[in-house]
Amino acid sequence: DAGVIQSPRHEVTEMGQEVTLRCKPISGHDYLFWYRQTMMRGLELLIYFNNNVPIDDSGMPEDRFSAKMPNASFSTLKIQPSEPRDSAVYFCASSWVGGGNTIYFGEGSWLTVV
Amino acid sequence: AQSVTQLDSHVSVSEGTPVLLRCNYSSSYSPSLFWYVQHPNKGLQLLLKYTSAATLVKGINGFEAEFKKSETSFHLTKPSAHMSDAAEYFCVVSDGSNKLTFGGGTRVLVKP
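Taken in sequence, the protein lines are chains B and A.
Just so you know, we're using the working numbering here: the first sequence kicks off at -4 and counts up by one.
Just so you know, we're using the working numbering here: the second sequence kicks off at 165 and counts up by one.
It is worth saying that the hints were derived from the structure and are not from the lab.
Among the hints, erroneous ones may be present.
[Unchecked claim] A short, non-exhaustive set of chain A residues, derived as facing chain B with CB atoms under 7 Å:
1) Ser196
2) Leu208
3) Lys213
4) Ser258
5) Asn262
6) Phe266
7) Gly268
[Claimed, not checked] Where chain A lies over chain B, by a calculated footprint (3+ residues, C-beta under 8 Å):
8) 56 to 67
9) 92 to 102
Each residue gets a CB set at the ideal place from its N, CA and C atoms; glycine is no exception.
I would like the entire structure built from these sequences, with the hints used as guidance.
Written as structure tokens, this is what we have:
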């Protein structure tokens, strides 16, 4: 199995620019999660989807952040406009209802906003 | 509500000696508990999980963890540390939903 695939792995962008992070979950998984990891706050759940429907977006920091899941094999996390404080590692993860709550993580997207 | 406390932010061990990473949790439900490992510049990899079966859980790379309900603990151990074990380790609790609560992480340093 290919695992959870994220792109880009690294991105450096200027403040004010739009950033789009992409994720392909493991085939057959019906839950998809976006996490953010920073030194100060550790791992935070931003949003998660079940069967492509957003279930809980209470972790999305503000309106500059949005996430979509147009189909079962693709999701995006968009930041517009980006700010330096958005610099973090963004992880996508997926799981399936019969998987005993085990969540599988991608390798992460390292975002630096300058 | 659920929470996880990893009692040590850093642990330093010598290669070949035992490793102990401590984790306490609180949960209103019968929890599922996990340990994940994150190597530098990598994603999180599942080491092991407890889901109300045997209280001693064996994972990958020689790690194991013991669920102790009376102590609300789920400590991770390995009898003999290897240089490749240098990483950050996360204790995680789930209340049965797919929302996980992560501990703050324990960074392990292995000295030659």
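Hints versus structure:
With a least beta-carbon distance of about 5 Å to chain B, the hint placing Ser196 of chain A at the interface is held under the 7 Å criterion. Interface hint status for Leu208 of chain A: upheld, as the beta-carbon distance to the closest one in chain B is roughly 4 Å, under 7 Å. Below 7 Å, beta-carbon pairs count as interface contacts, and Lys213 of chain A has one with chain B at about 6 Å; its hint therefore holds. Taking 7 Å as the C-beta contact cut-off toward chain B, the hint placing Ser258 of chain A at the interface holds, the least distance being around 4 Å.
At its closest, the beta carbon of Asn262 of chain A sits 5 Å from a beta carbon of chain B; the interface hint therefore holds under the 7 Å criterion. Proximity of Phe266 of chain A to chain B holds as hinted, the smallest CB-CB distance being about 4 Å (cut-off 7 Å). Taking 7 Å as the C-beta cut-off, the interface hint given for Gly268 of chain A holds, the closest approach to chain B being about 6 Å. For a cut-off of 8 Å, the count of residues in the stretch 56 to 67 of chain B with a CB near a CB of chain A stands at 0, and the three-residue condition is violated.
With 8 residues bearing a CB less than 8 Å from a CB of chain A, the stretch 92 to 102 of chain B meets the requirement of three and the coverage assertion stands.
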